[in-house]
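Peer 1: As a plain string of letters, each chain reads:
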Amino acid sequence: MTLFGWGVLKGMGVTFKNFLTSYFRKPDEGGIFTVQYPEEREGTAENYRNFPFLVYDGAPEKIRCVACGICERECPPKCIHIEMELDAAGKPARKPAVFDIDYGLCMNCGMCEEVCPFDSIFMDHAFEVAAPERQIGLVRHKKELLKSNEYFREIRPALASAIDQKRKAVEEKKKAAAQPASSQSSGGTGSL
Amino acid sequence: MLEINFGPQHPSTHGVFRMTVQLEGEKICGLKPVFGYLHRNHEQIAENLPYAAIMTYTDRLDYVNALSNNFGYALTVEKLAGLEVPERAQYIRIIMAELARIVNHIAVIGFMLNDLGAFFTPLLYAFRERERILDLFEAVTGSRLMNNYFCFSGVKRDLTDANLAVIKKMILKFPAFLEEFEALLTKNEILCMRCQNIGILSGETATNAGITGPVLRASGVNYDIRKVDRYGIYDRFDFKIPLGQKGDVYDRFYVRVLEIRESLKILDQALTQIPQGEIINKKSLSILKMPRNFKPPVGEAYGRVESPKGELGFYVVSDGTPQPWRYHVRAPSLINLTVLEEMCLGQKIADAIIILGSIDIVLGETDR
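As given, the protein sequences belong to chains A and B, one line each in that order.
Heads up, the first sequence is in this note's numbering, so the first residue is 1 and it goes up one at a time.
Heads up, the second sequence is in this note's numbering, so the first residue is 1 and it goes up one at a time.
Calculated directly from the structure, the hints in this document are not laboratory data.
Among the hints, erroneous ones may be present.
Per the computed footprint, the stretches of chain A lying under chain B, defined by three or more beta-carbons under 8 Å from a beta-carbon of chain B, are [unchecked claim]:
#1 47-54
#2 88-102
#3 105-117
Ideal placement from N, C-alpha and C gives every residue a C-beta, glycine not left out.
Build out the structure end to end from the sequences listed, making use of the hints.
Peer 2: See below:
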């Protein structure tokens with residue numbers, strides 16, 4: 001039979017030990033574990049996903065998105081709205097005229113990123129997206145959603161470089177396929 | 001006799017849950033659980049979505065351990081469509097599900113002690129460890145809580161060697177934390193007096209009411225779906241099922257502590273056995289890319305997993321279209337709540353809080 005209250009005292013000993021070690025141990029070994037946000041920040045993991053954004057190459061006009069609407073259709077909470085741009089002749093220009101994402105609706109699932117066949121929409125790392133007004137502030141339009149490929153490379157280096165390589169390979173293949181055809185049509189030497 | 005309402009905004013109800021309690025003095029002579037405050041139409045939403053998109057909503061059922069929900073739903077649809085899972089993906093699934101179990105159990109015992117008045121010290125010690133696992137979840141799955149990590153016949157991202165090293169380190173350190181945690185409270189006289197012989201649930205009542213999970217095992221019934229069904233590859237691991245004797249609050253608390261130790265054992269074995277290989281069946285990659293083209297054959301399937309709260313079952317009926325014709329969730333939290341009155345009758349009103357805490361409910365799953 002142990003003394004009544006001995007368990008309580010032992011528990012207090014644990015808290016006292018933790019109190020002391022928090023001053024001189026490393027965070028991983030029982031030290032202070034908290035981070036003083038916003039003065040201190042922890043980096044985000046590469047796979048971290050928050051809200052979607054659109055990637056462009058070089059200039060914002062060279063947007064990768066072709067307004068196919070797959071993400072709009074597959075988005076589970078239906079937070080994406082796309083309208084195709086029409087050229088002078090009234091034909092679809094394969095570019096979005098309107099691309100809105102309602103951040104208030106988005107549930108950060110990452111399905112748009114998975115289904116996009118044009119490597120155009122990806123999940124961002126920016127998490128400080130507070131806005132004062134729901135209808136206006138949280139509905140992000142094309143202009144705010146567009147971010148450069150360099151930014152994408154910065155936040156998700158492994159994925160971005162893999163996609164860059166894939167796109168480069170596809171482009172070279174296209175060029176290689178276009179070259180013989182063009183040389184043939186121009187009455188070339190027929191290097192077949 | 002006095003009738004009072006506990007909740008729905010009471011902090012100890014773990015969400016928006018209401019109990020209508022009839023009191024005689026301080027003694028409870030009647031209790032009626034009232035739920036539905038967090039009803040979000042989960043099943044109806046799912047019946048209008050492609051199979052792959054439902055995965056994102058299963059995260060929101062039991063938001064403390066989304067990976068178990070993912071596991072259950074993935075198992076069900078794989079059963080329905082007859083999909084195979086590669087070896088490495090099987091191991092990754094077990095590793096993630098067991099980590100989720102640890103997250104859930106340390107959170108629930110932390111909150112339970114909080115309800116008892118061990119105010120925030122044990123909870124924050126538990127959350128410190130939980131945070132390490134959540135950081136790993138963020139690095140692997142992309143999100144701390146809403147993981148959306150499983151897909152049909154595989155998982156979405158591979159565990160890198162660095163991730164595996166982090167898990168290994170965590171497993172090595174975890175027993176020390178558990179010992180500290182037990183030294184902090186399990187022998188504490190006040191805790192023992194508040195928990196022992198409170199809210200006793202007999203094994204017979206529990207079995208009749210369909211109770212599952214740690215609540216059932218604390219009542220001494222040896223029933224764990226990991227052992228009964230041996231879904232996934234649980235048959236390859238050597239682990240024990242901790243059982244309680246009395247079925248009181250203390251047993252439910254301690255069974256969870258012991259289950260964490262068993263989970264650590266499974267993790268240790270899984271980490272040594274995990275093979276190299278692909279993480280998703282090549283044939284199923286198209287489901288990710290084109291969710292609407294995935295149409296399982298006409299039929300029905302019921303898949304279940306041992307989620308940290310009990311038997312989590314998914315019942316899916318397919319009529320050959322991209323959306324399920326019927327989708328139903330057997331939520332352990334809801335069914336475990338049905339014996340709340342039996343456990344609370346004759347107890348003091350202050351004990352109702354801790355009895356509710358020991359059942360471990362999550363309202364996202366209860367109300368759906």
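Peer 1: Could you work out which earlier hints the structure fails to respect and list their numbers in ascending sequence?
Peer 2: 2
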